[in-house]
Amino acid sequence: MSTSLRLKQKPPARGGQVPDAARRGRRLDLLPYALVTPLTLFIVGLALIPAGFTLVEAFFRVQPLNPPDEFNGLDNFRQLFADPAITASMGNTALYVIIGVLLSTVLAIAMAITLQKQFRGRSVLIAVLILPWALPGVVEGIVWGSIWDSNTGLLNSILSSFHLIDHYLVFLGQNHFLTILGIELVQVWQITPLSTLLVLAALQNIPADLYEASTLDGCSAWTTFSRITLPLARPGITIAMVQGIIATLNVFDQPYILNGSAATGASVTMQTYFISFQNLNFGEGYALSLLITLATLASSLLVLKFVYRPVEF
Amino acid sequence: MKQRTPLMRRLGIAFILLWSLVPLYWALNISLQTDAQAGSKPSNYLPPTPSLDNYSSLLSGGSDLAQSVQQSSINIFIECAAATVITLILATLAAYAFARIQFKGRRVLFYAVLATMAFPAYTTLIPLYQILTAFGLVNTYTGIVLVYVSGFLPLATWILHNYMASLPIALEEAGNIDGASRMQVLWHIVLPLARPGLISTAIITFLFAWGQFLFPLVLSSDLSTQPLTVVIASLQGRHLVPYTLLNAAGVVALAVPAGIALVLNRYIVSGMLAGSVK
Amino acid sequence: MISKRNRLRGTALVAGAAALSVLATACTGGAGASSSQTKDVTITVALFGAPPPQKSLDAFTKSTGITVKWSTIDWDSLQTKIAAASTSNTYFADATDVDWSRVGQESKLGWFLPMEKYIDQKAYAADMPQLSSFTSNGHIVGVPFDASYLVTTVNKAMFAKAGISAMPTTIDEYTQDLQKVKAAGVAQNPLNIPFAAAEGLSTYWYETTQAFGGKILDESGKPQFSSPDSAGYKAAQWMVDAIKNGLVPAGNINVSDSESQQTLMAKGVTASTFADYSGNVGSLYDVPASSSVNGAVQYIPTPGMTGATANVSNPDGIGILKTAKYPEAAAKFIEWFTSAENQADFAGANGPDKVMPGYFLPSRLTGLEKLTAAKGLAGGQELTTMLKSSKPVFPAGAPVWYPQFSNSVYTNLHAAAAGSMTVDAAIKAISDSATKLAGQ
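Going down the list, the sequences are from chains D, W and P.
Residue numbering for the first sequence follows our numbering, beginning at 1 and increasing consecutively.
Residue numbering for the second sequence follows our numbering, beginning at 314 and increasing consecutively.
Residue numbering for the third sequence follows our numbering, beginning at 592 and increasing consecutively.
For reference, chain D alone in the conformation it holds in the complex:
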């Protein structure tokens, strides 16, 4: 995080905290540390240390087929950017992120608004809503493969039943953009439930009297949406978008299952896999992982800066 960004950020609200420290004078308060110690042990031991290892190895030549390991500065990064397959996958991934985050956010807002007010069957509908998210990724490919399939797929069958096409079409693998879109739609299907819940959670915080007031003032549905709902849902939308960024930047299963290793759909994480686990060039694989981490953090911060606004009721 850059200094300028940090300066611009508001400190998190501290309201509503029990003033323990004040009450207990200047004595060091051990309880909070005791409470966070188990969490810290897990995070340090099983996330930060492994990630730190990666960070360091990204600057080494680590190739078991070509020992010994040695420091090689930015060589791994240079090789990454010199490889057209890698840069192409970066382009693909950028498309996945843009399409995926936009689409899942818009859908999540629409679905959350649908679910905003209490109605009969609402909780059952929420249960139905989260089913796609509950479906394991390994199964998702089976299911969607049989929808996109060009020989016996559902989509082709429906289109031809309605006489919209006279022969079955190939959706994935030919047109670059259509391929990306088809693949990303599957991921959107999977990540939208969580996004919807996060946006819906924010909507639940909006006091009902605001809506009553807008009705009394005779505001149109659109004005209510754009002046009340959307601005006040920003915190939820932010979290939903950050989750979306993390998921789409790491997209792997969907392109791999639906489109193989083809350049039309290959993502950066797929390349990480090939570099590390197929070519056994771990240093370069780590370097690419590091870039993905940085991209995730940078785009999350952008979303925080441009979308997030603290909301006080």
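Because the hints were derived from the structure by calculation, they are not lab data.
All residues carry an ideal CB built from backbone N, CA and C; glycine is no exception.
One or more hints might be untrue.
To list a few chain W residues with every Cβ distance to chain P over 10 Å, as calculated [as the list claims (entries may be wrong)]:
#: 1; residue: Ile399
#: 2; residue: Tyr424
#: 3; residue: Leu530
A few chain D residues that face chain P, going by a derived Cβ cut-off under 8 Å, partial list only [stated by the list, open to error]:
#: 4; residue: Asn151
#: 5; residue: Thr152
#: 6; residue: Leu155
#: 7; residue: Ser157
#: 8; residue: Gln278
Place chains W and P on chain D using the hints.
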């Protein structure tokens, strides 16, 4: 007064139903057909002669396949349940500290925990394997559960932190004035209030754990620990497994999460949604 | 048999642990000391197929005192396990799968014990034509136990409907026959080529290149397919033309090998697969539950330039891991497992009781003879002839950089078939990557 459901909402409801259910229906539909029926053109929108054969070859009898599905179902359940319980306990303790107590390093630690969500899985996979090997935890429930917990703690802590921060402080202050210790306040006042948030966090954690594939694949060696997802993936590698059977396996894998979602749906609503995101 | 080259579902995700090589230095001594004991020991054998019948295993135990614990793991995951265990020096199994395409890497990394210490190399080589695929730097990494190779399959019923009774023996005849099948309306798209960017596409091209009378790489790894009149170039052009002019279903652009065999060949949608897997007739096309073309699909000698040509071998091997607890006992098992009698039994020479599910074809010529004599195999005679002349893609063992090379082959051929690059550009890209890899 009977209020008509607004058109927009009805459209929205229809969309949610179609969006979520059509692909799942399709898997169910195919799983009830024979291999030949599933390959017909145009597709059968309803199974012509619904049959549970695929399910019986997956689930019943002592065949190699049924045994692996049965054992891996037990495994996935144990692993997900254990990971959920541990995640919930640790996240609750930490979230309470983050939400209610000021201490040095609080913000740094909180953001560091959240930042770990940005690590791609492959970043930590190899070093994690190394660490677990060193402790002899590869191919054990413990090893898999530990990794799940470390992976799901950030999100769980975040959600619970937000939830607790949104709770009215007055009751806790009253508890403090009455001389209750902070742990007593947490146990007797905060936890009951946070119950919906705890339940929805548990559901989210459980569902995330249920869908895991990469980590359990690498960290488990055989059927003693392999979860259902790994067994299903290995089915896809077998040439002779018909595609209808794979769909049946998919439906089986969805059964438990779907059951949880349907039974606990009111908690998802009241928990996660009762004002958690700020 | 179990396909190992289908779309690498798990694989990908999988091999994760391969990475563990990094750890090689960190974790040593994880594996207990190995023992040369062969009496009263239990060894673990991990393969991707179901075990031989318990009775056979019991007989082995009785005669040797070695108990076998069999662990079935799918091919992709198995490769991960091997990499994980080997790099972190941890015991995982005594004997396990050796794939021909990994021989180069595995030999260089020293993950398997050299087999020549345990077997009579000359005797094995004479009886097992595919042993050379498992030899690298003078060491035998594994012993082939199942003699898969690529073979042309034809749906004779569909060919007959189009008026073709004599099977094609050259590529030109083959192409014309397919066009006849298409023209007669028997099949809209009679030829099956799985164009998904996955390993199955690479192997298809190797077989086609061989049929066009050429090689992929020479002994030093130099590409042999760069010029437009080379076999590899022509083969690529032939494959891409086939999808462009409708011999191959357009949807095949995204279909993997096993998927295409299951949903196209087995359903009578396509009439022929040029590079099919030996064994598919018995294990897929003749199985009523999964096929609607029972009895119709048969193997034919691979059409070449002027007549039938050699097949590309694609065998499965078994080797002893360096972390094995009981290498001697594992060697005894491998000797037993790959003996001529057992191979014939596993393949069905002596009744269904002795069949090992998923087992296809003996890797020993003597095993094949026993099997053919017992008439236990559909098309046994043809298959035996073809096995004798089957050739590895890499006569000197797969190079260490094989996975990268193959990745370049299938992504570029896929792109050419999808129309996003020309065949010329695809071939140039593949050739450049081979040159670069070999020069490293």
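Residue hint leucine 155 of chain D, partner chain P, criterion CB-CB below 8 Å: violated (12 Å)
Given hint threonine 152 of chain D near chain P, where the shortest CB pair must fall under 8 Å: holds (7 Å)
Chain P versus leucine 530 of chain W - minimum CB to CB distance exceeding 10 Å, so not interface: violated (6 Å)
Restraint satisfaction for glutamine 278 of chain D [CB to CB of chain P, less than 8 Å]: holds (4 Å)
Cut-off 8 Å, beta-carbon criterion: hint that serine 157 of chain D touches chain P: Since the shortest Cβ distance to chain P is 13 Å, the answer is violated.
Non-interface claim for isoleucine 399 of chain W, where every Cβ of chain P lies beyond 10 Å: holds (24 Å)
Hint check, asparagine 151 of chain D versus chain P [nearest Cβ-Cβ separation less than 8 Å]: Holds. Min distance 5 Å.
Cβ separation check - tyrosine 424 of chain W to all of chain P, threshold 10 Å: holds (29 Å)
Hints 3, 6, 7 from the earlier list are contradicted by this structure; the remaining hints agree with it.
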